Amino acid sequence: MEATLLIDIGSTFTKVVAISLDQEKLLGRVSVPTTAQTDISIGVHDAIRELEKRIGTPKLHIERKLACSSAAGGLRMVAIGLVPKLTAEAAKRAALTAGARLLDVYSYKLTESDLTRLEQQSPDMILLAGGTDGGDEATIIQNAHSLANSKLNAPVVIGGNRTAANQAFNVLTKSGKEAVVTENVMPEIGKINVQPAQSAIRQIFLHRLIRAKGLEEVQRSVANGIIPTPMASLKAASLLANGTKEEPGLGDLLVIEIGGATTNVYSISEGKPHTIGVIWKGLPEPYEKRTIEGDLGLRYSAPSILESVGEKKILEKSGLSQTDVKKAILEMPLNAKKLPQTDTEASVDFGLSRICMENAVKRHVGSLEPITTPVGTVYVQYGKDLTEVKHVIGTAGGVIYSKDPKTVMNEALYKEAEPLLLRPKKPDVHIDENYILYAIGLLSEIAPDKALRIMKSNLRRL
Amino acid sequence: MKPVKKSPSKKESFAGKTIVIGVLGADPHGIANKLIEFALNDEGFRVVNLGIMTSQQEFIEAAIEAKADALFVSSIYGHGEIDARDFRENCREMGLDNILIYIGGNLVVGRQDWIEVETKFKTMGFDRVYPPGNTLQQGIADLKKDLGTRAKRTQR
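Chains as they are written, first to last, in the numbering used here: chain A, 1 to 462; chain B, 1 to 156.
Extracted from the complex, chain B is given alone in its bound form (with noise of 0.2 Å):
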């Protein structure tokens, strides 16, 4: 993943909108979450960052504790179809209706094709899914975009 160039127009609008962040289930590769930490710093959200090794329950409590308006979930040791079963059905059971959930890094193990695993993380309720190699600008522009559309539906 590479860093973000700063985009310092757009900050204001996503100021005190909160992002929680964390690799999920077993997992204990740090790196990656560090530079979305960063990067979403940068951009002028506010970031809670669970860190390594964090499960479903961690980062529902958090969310509804800190009002997260997204998750970003990472999962780099290939157990995201396990570690990720049933995230948007416990996010509704712990309250949390409507928040965006993207989940990215590598998702599975071996060479399955891209599409079949998007569609599989997408009908487990995942907003978002990215392929190994996605850059960070990527899902900042589409975090961005989510959430000037949840606005936008809102005010109506």
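So that you can see chain A by itself, here it is in the shape it has in the complex (with noise of 0.2 Å):
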């Protein structure tokens, strides 16, 4: 049977992915450990060996192979830019939406401590932001210098004032350095342009990252090239909402991924004030938003929710009394590659997923904030309002694995208690039940209605 593996190495596992083209249809996954000790090209093997094996007769013709990375850390960057909530803030989604993992944002101009801090971190890629077009060049072009005499040798994304672009451009090439130039991210107040930068992200990722062992040989047995996971997950979103022109989509969403170490959420929605009279302000938000949250996982980031809410409210999540949570949540990461053995365990991961939802959620919507004025209460809105979004998608294992999936993903609803943060209301809440989003996002390269008809009939309802 003619098969489409859809490949995601993971920093865990490797996931594969067969679908049928022909029949539009998921003929079976598997997930293996990652072997980024030895040499990635196994473990892939591995997968597809024994997804072979699973599946068996017919024998799978294996047509194409499509695959996204998180490996090695994943696509580790840095944003920098001019005033925080501006172009930092803009060149921070623009890696986001990109796929990148983000350490850390810098802004105005690098102090030496910066860059120390800078070459510590080493990130895979930079993206250097700054100024208006026609507004502050001097910022851009300095910090153009000071990472031109760093020990830096990350490929930089030159994303800034256009008028400044290219006195940055050469000051990074004559130091040796690799460098882009493409459009500002933000060129005007209040308008940002995420999308020149995220490709420009995409073709250095493709040509210049491969750096686990192996990965180069999987680079070269795919077509079109290995993307970053989270990018090939918002593409799935954007397909899924926005339809083709054959098939239609389904409208605005939202998707939340909880996974062992991060929970990535994505919106696809303008997110305008849906109530007449509030003001919306701050930055504008990308159609296609991505956040990620780096404290919030049910293992490598296990640890980190205990510090910051408390084993009481671990306790309350989970639907457990007295039990010594704090042993098993310490233990998390340890037993990164395991599903949950008991009940005690299972219901530990269900509180921790509640906590994940809700938090990374909260984050990722906009928010009311009421202000007085000599007219009465005026309402300001900052962010995405989501109350709108008709569907809610839950992927990924604290999801899909969870003895209470449905209890998860409301935990990402709105809430009469908190009516300022806006939380979809009342939208169709369903399951990736296969964990196929990623390939769905692969897929969409190639083939956009089949993957989205796919997409469709591997959602299910709750």
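Incorrect hints may appear among the rest.
[Stated by the list, open to error] Which chain B residues face chain A? A few, computed with CB under 8 Å, are given here: (1) Ala15; (2) Thr18; (3) Ala26; (4) Asp27; (5) Pro28; (6) Ala32; (7) Met53; (8) Ala66; (9) Lys67; (10) Tyr77; (11) Glu81.
[Stated by the list, open to error] Cβ pair distances, simulated, as ranges: (12) B:Glu89 to A:Thr344: 54 to 60 Å; (13) A:Arg117 to B:Thr123: 38 to 44 Å; (14) A:Gly310 to B:Gly110: 51 to 57 Å.
These are calculated hints, taken from the structure and not from any lab test. Only a predicted model underlies this, so the values are computations on that prediction, with no experimental measurement involved. In this text, a Cβ means the ideal position worked out from N, Cα and C, and glycines have one as well.
Once you've looked at the hints, go ahead and assemble the two chains, each given alone in its own frame, into the complex.
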């Protein structure tokens, strides 16, 4: 049977999904430990062999392979801008929508201690912004000089003031650094332009950043080159919302992906205020927005959740009475490759998932702030209003392997007690039961109509 | 405020000069703000309009990023004195040493002696202070004059 294989090389697991494009059907999926210590390609071959074995007959005829990766720490980036809430924020958003794991955001002129920290962080790529077009030139040029004189060798994507970008480029390339100029992430105040920077980041990721041993071999064996996994997930979310010419999409939606180390949230929505009279302030939001929470995850990040919310809250959300969850949680990072074995473990996972869901969505959605003025109370909206979003989708281990996905998903929704947080009010709630979101993102690049239909048929409404 | 008539001959020399405008504080009055935007655009200025309910911080940050030459601050609802406090100091703190700052609208509540009001705001560091009913023409003419003086000073 013809099959397209969609591979995701994660930091813990290598997943492979087999899809028949002719039959528009999911044939199977496997997950094996990633072999980052030895050679990434071993894990990929193992996974494919395992998948073939599981599917059995008729034998798979592999027509093509597509891949994404977050192995070796993912795409480790830093963003640099001028004002924290303006170009630095725009650069941050551009890096996030390109699927980066953002290590840090710097603003204003880089200081010596900034540079020392940057060198220690040793990012894979740097996005250098600063100044609107026609605006400040001095900062981006000085920061280019600072980067040029540093020990850093990461390629620099320049997405700042148009007038200064070429000078920054010359400064960097003259001292032997790799640099590329793209459009300004913030061409004018109040306008953000993340797409060109995102494409530039993807290009460099494809051609340069295949560092983990064996990844290059995988890169050669797949069509279209490897992209960062979160970019694939965002593409899938976008396809599902917007549809194609042939196949209608679902409209505005919110996707939450609770993993072992992080929780990703994607919203596809303009996020404009839905209430008349509300004033929208702050930087405009990207229509396709991704946020990632590095402190919210079920395994590696479990201890940090314990630290921030406390044992009592975890017990409450888990429905456990007096069990000592502390020990179990502190051991979570050691059990990164395991699903819960006992009822108590399943309950702890459930409690942690609820906390990840609640907090990650809270940080992603916009909020209202009441301000008293001489003409009465005026509401100011910061961020996206997602109250009218029609669909909320949960994916990854924290939701799909949960003992009670519905309760976990409910944490994403609007609460009467917190009316100022603009979470979805009455959406249809689904889970990506077979965890194929990333695969659909990859597939969307070659067969969007089919990819969309397969995604739709694999969503289970709760 | 009356809209300004075009004066095409002067346009070129101010093209590329950037003016950040907005309504300060919790002030939701937005009509004059739009008129100011149109008038400045019409004169060839690059306008960054932050709209209503704009904080000092937002004015200053936008001015840094857009390398603004002047700030046009409106305050219509009578709380100008409180909202504008430390504006100049905050600009200096954020590295905007020489930016022109104009303020106008209904700066204070009730009938207060205009000279006193003007002096108060000038002491606070505003370069120009306008009473209610002032024309846009006047503000723009002053802006051109002040920018011209600056340019000459820089040449020297």
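Now the hints, each set against the structure:
no.: 1; hint: Ala15; verdict: 10 Å, violated
no.: 2; hint: Thr18; verdict: 7 Å, holds
no.: 3; hint: Ala26; verdict: 4 Å, holds
no.: 4; hint: Asp27; verdict: 7 Å, holds
no.: 5; hint: Pro28; verdict: 6 Å, holds
no.: 6; hint: Ala32; verdict: 15 Å, violated
no.: 7; hint: Met53; verdict: 6 Å, holds
no.: 8; hint: Ala66; verdict: 4 Å, holds
no.: 9; hint: Lys67; verdict: 4 Å, holds
no.: 10; hint: Tyr77; verdict: 5 Å, holds
no.: 11; hint: Glu81; verdict: 14 Å, violated
no.: 12; hint: B:Glu89 to A:Thr344: 54 to 60 Å; verdict: 59 Å, holds
no.: 13; hint: A:Arg117 to B:Thr123: 38 to 44 Å; verdict: 42 Å, holds
no.: 14; hint: A:Gly310 to B:Gly110: 51 to 57 Å; verdict: 53 Å, holds
Checked against the numbered hints above, the structure breaks hints 1, 6, 11 and satisfies the rest.
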